[in-house]
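Participant: Construct all of the structure, not just a fragment, from the sequences and the given hints.
By full-length UniProt numbering, the letter at position 89 of the sequence shown is numbered 89, and the numbering carries on one by one without gaps.
By construction, these hints were calculated from the structure, which means they are not laboratory data. Since this is a predicted model, take the numbers as computed values, not measurements. Where hints are given, some of them may not hold.
[Stated by the list, open to error] Derived SDA-like pairs: lysine to any residue, alpha-carbon spacing no greater than 20 angstroms straight-line: (1) Lys122 <-> Asn3; (2) Lys129 <-> His149; (3) Lys136 <-> Lys168; (4) Lys61 <-> Pro21; (5) Lys29 <-> Glu42; (6) Lys147 <-> Glu170; (7) Lys167 <-> Pro146; (8) Lys136 <-> Gly179; (9) Lys28 <-> Asp184; (10) Lys157 <-> Arg89; (11) Lys39 <-> His65; (12) Lys4 <-> Gly179; (13) Lys74 <-> Ile92.
[What the hints assert, rightly or not] Just the calculated beta-carbon pair ranges, DEER-fashion: (14) Arg17 <-> Glu152: 39 to 49 angstroms; (15) Lys157 <-> Lys74: 12 to 22 angstroms; (16) Gln95 <-> Glu152: 25 to 35 angstroms; (17) Glu189 <-> Gln151: 38 to 48 angstroms; (18) Ser117 <-> Gly19: 32 to 42 angstroms; (19) Lys4 <-> Ala193: 33 to 43 angstroms; (20) Lys157 <-> Gly19: 21 to 31 angstroms; (21) Arg17 <-> Lys138: 18 to 28 angstroms; (22) Leu174 <-> Leu58: 16 to 26 angstroms; (23) Tyr169 <-> Ile64: 29 to 39 angstroms; (24) Leu174 <-> Gln151: 13 to 23 angstroms.
Note that CB positions come from ideal geometry on N, CA and C, so glycine has one too.
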Amino acid sequence: MINKIAHIILAAGSSSRMGTPKQLLPWKKDCLIIHEVKKSLELNLSETYVVLGANFELIQKEIIHFPVHVLNNKDWGLGMGSSITFGVRHLINNQIDFDAILITLVDQPLIDVSHLSCLISKFNSNQDKIIATGMKNKIGVPALFPKAHYQELLELKEDFGARYIIKKYEDDLLVIDGGNRTDDIDTIEQYNALLEREKE
Numbered sequence: 001m002i003n004k005i006a007h008i009i010l011a012a013g014s015s016s017r018m019g020t021p022k023q024l025l026p027w028k029k030d031c032l033i034i035h036e037v038k039k040s041l042e043l044n045l046s047e048t049y050v051v052l053g054a055n056f057e058l059i060q061k062e063i064i065h066f067p068v069h070v071l072n073n074k075d076w077g078l079g080m081g082s083s084i085t086f087g088v089r090h091l092i093n094n095q096i097d098f099d100a101i102l103i104t105l106v107d108q109p110l111i112d113v114s115h116l117s118c119l120i121s122k123f124n125s126n127q128d129k130i131i132a133t134g135m136k137n138k139i140g141v142p143a144l145f146p147k148a149h150y151q152e153l154l155e156l157k158e159d160f161g162a163r164y165i166i167k168k169y170e171d172d173l174l175v176i177d178g179g180n181r182t183d184d185i186d187t188i189e190q191y192n193a194l195l196e197r198e199k200e
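Facilitator: Take a look at the structure:
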């Protein structure tokens, strides 16, 4: 059986520490948001949902021509948890049925299709488990959440990301090591450092 998996890409933040929308920073031949959308489409999942917020119109026009659903979380300023809840609520309110939800961040460009495919493969043989990514000193997203956890995703506090749920079930989840690919981008310095690594 092929599982139906919805992919929610979180890309709603204002990038306040950067002074420019990080979603539009150049990456390879595209920008970060297009890079993430293309990865999702390469996975050939059931549906892709991109949760935007700050600079909605500016970012939306970059991806509107892709076969993805673009959602506008007007409460993006409340935190990442609000964007997760917004995306999951959209699926439930529209009675869109999936076996699991894959959550990724727009600012982890080194996470590749191979890693996401490993998460999906592990879920296919462990459909009652959260499948998360192991990092240097924590476990987090990208992660897959089966149906049993949808309600908890809906009830996340606004400023808590999915890591809150992952931590709650840390004794009963499966972890795929993200290696050295899990760094995210919060500052221009981090962005430039990842650009240099990508050239290596």
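Participant: Checking against the hints above, which ones are violated?
Facilitator: 12, 14, 16 and 22
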